[in-house]
Amino acid sequence: MPEPNSQIMTKAITRDLPQQPAGSPPRPRPFPMVAIVYLTFEPAWLSLTRPERRAHAERIGAILLRHPAVRFSWFDADALSGDHSDFAICHFNEMRAYHHLWEELRDTEIFSHPYARIRRVTLGIENGFQDYEEAVASA
Numbered sequence: 001m002p003e004p005n006s007q008i009m010t011k012a013i014t015r016d017l018p019q020q021p022a023g024s025p026p027r028p029r030p031f032p033m034v035a036i037v038y039l040t041f042e043p044a045w046l047s048l049t050r051p052e053r054r055a056h057a058e059r060i061g062a063i064l065l066r067h068p069a070v071r072f073s074w075f076d077a078d079a080l081s082g083d084h085s086d087f088a089i090c091h092f093n094e095m096r097a098y099h100h101l102w103e104e105l106r107d108t109e110i111f112s113h114p115y116a117r118i119r120r121v122t123l124g125i126e127n128g129f130q131d132y133e134e135a136v137a138s139a
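Take 1 as the starting number for the sequence shown in our numbering and just add one per residue.
This list has only true hints and no planted wrong ones.
Restraint-style ranges between C-beta atoms, simulated for each label pair: (1) R29 <-> F75: 25 to 33 Å; (2) D107 <-> S81: 21 to 29 Å; (3) P51 <-> S73: 18 to 26 Å; (4) P114 <-> P30: 32 to 40 Å; (5) L46 <-> A97: 29 to 37 Å; (6) R53 <-> D131: 37 to 45 Å; (7) S47 <-> I89: 23 to 31 Å; (8) S138 <-> S81: 37 to 45 Å; (9) V121 <-> L80: 16 to 24 Å; (10) I125 <-> A79: 29 to 37 Å.
Simulated from the structure, these hints should not be mistaken for lab results.
Quick reminder that beta carbons are idealized off the backbone N, C-alpha and C, glycines included.
Starting from the given sequences, assemble the full structure and let the hints guide the process.
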């Protein structure tokens, strides 16, 4: 049976970590987290021309490149949900990296005008139960 994607991802994330010096306390492994950010784009966004929207998207793209510790995927949901028009999925191992990305994004005109609003955020820890069980077992 093939290995689940979450285990493959965890191995990929931890494979390049430096080795622990002998006798030092165990270093916690990265805590793979995901945030699903639900957004609603306002009518003001739709009133922009497509080239104007593309210019905003390019500025967002540049911000995403400055935050490589967060893997970011964007999804369109207008026709599929009455609750939100779009959502983003962010994969990260450190809350600070995620927080800094969204601080910079919120400083853009997309959120300050506002052209979009964050409706809801759902956070999760990948296989968090395994981390807990390992901690309890080693205590």
